[in-house]
Amino acid sequence: QDWLKKVGIKPMQIYPGSPWENGYNERLNGTLRKELLNAEWFHTTSHGREESLYYGWGL
79 QDWLKKVGIK PMQIYPGSPW ENGYNERLNG TLRKELLNAE WFHTTSHGRE ESLYYGWGL
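Heads up, the sequence shown is in my numbering, so the first residue is 79 and it goes up one at a time.
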């Protein structure tokens with residue numbers, strides 16, 4: 079959030095339990111889950127990060 083303030087961007091908060099207010103992000107989350115997280119077994123968190131970088135997701 080500090081970086082956002084430095085570049086003049088004010089973050090907007092959505093109400094909890096209101097995913098329709100942030101459709102682009104919710105779509106990305108669903109795609110990540112479907113195409114990466116549900117398709118692989120990760121033994122560690124770092125293994126999951128490595129795979130996400132390999133596939134270009136950059137988590």
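The set of hints was computed from the structure by calculation and includes no laboratory data.
Be aware that one or more of the hints could be misleading.
In silico lysine to aspartate or glutamate, DMTMM-like type, Cα no more than 25 Å apart, as pairs [said to hold, decoys possible]:
#	residue 1	residue 2
1	Lys88	Glu113
2	Lys83	Glu113
3	Lys112	Glu128
4	Lys83	Glu99
5	Lys112	Glu129
6	Lys88	Glu99
7	Lys112	Glu99
Cβ pair distances, simulated, as ranges [unchecked claim]:
#	residue 1	residue 2	range
8	Asn103	Tyr133	10 to 20 Å
9	Glu128	Gly108	19 to 29 Å
10	Asn116	Gly86	20 to 30 Å
11	Glu129	Gly86	19 to 29 Å
12	Gly134	Tyr93	15 to 25 Å
Yeah, the Cβ is synthetic: ideal placement off N, Cα and C, and Gly gets one too.
A quick look at each hint next to the structure:
no.: 1; hint: Lys88 with Glu113; verdict: 31 Å, violated
no.: 2; hint: Lys83 with Glu113; verdict: 33 Å, violated
no.: 3; hint: Lys112 with Glu128; verdict: 17 Å, holds
no.: 4; hint: Lys83 with Glu99; verdict: 22 Å, holds
no.: 5; hint: Lys112 with Glu129; verdict: 14 Å, holds
no.: 6; hint: Lys88 with Glu99; verdict: 16 Å, holds
no.: 7; hint: Lys112 with Glu99; verdict: 21 Å, holds
no.: 8; hint: Asn103 with Tyr133: 10 to 20 Å; verdict: 19 Å, holds
no.: 9; hint: Glu128 with Gly108: 19 to 29 Å; verdict: 22 Å, holds
no.: 10; hint: Asn116 with Gly86: 20 to 30 Å; verdict: 38 Å, violated
no.: 11; hint: Glu129 with Gly86: 19 to 29 Å; verdict: 35 Å, violated
no.: 12; hint: Gly134 with Tyr93: 15 to 25 Å; verdict: 32 Å, violated
In this structure, the earlier hints numbered 1, 2, 10, 11 and 12 are contradicted, and the remaining ones agree with it.
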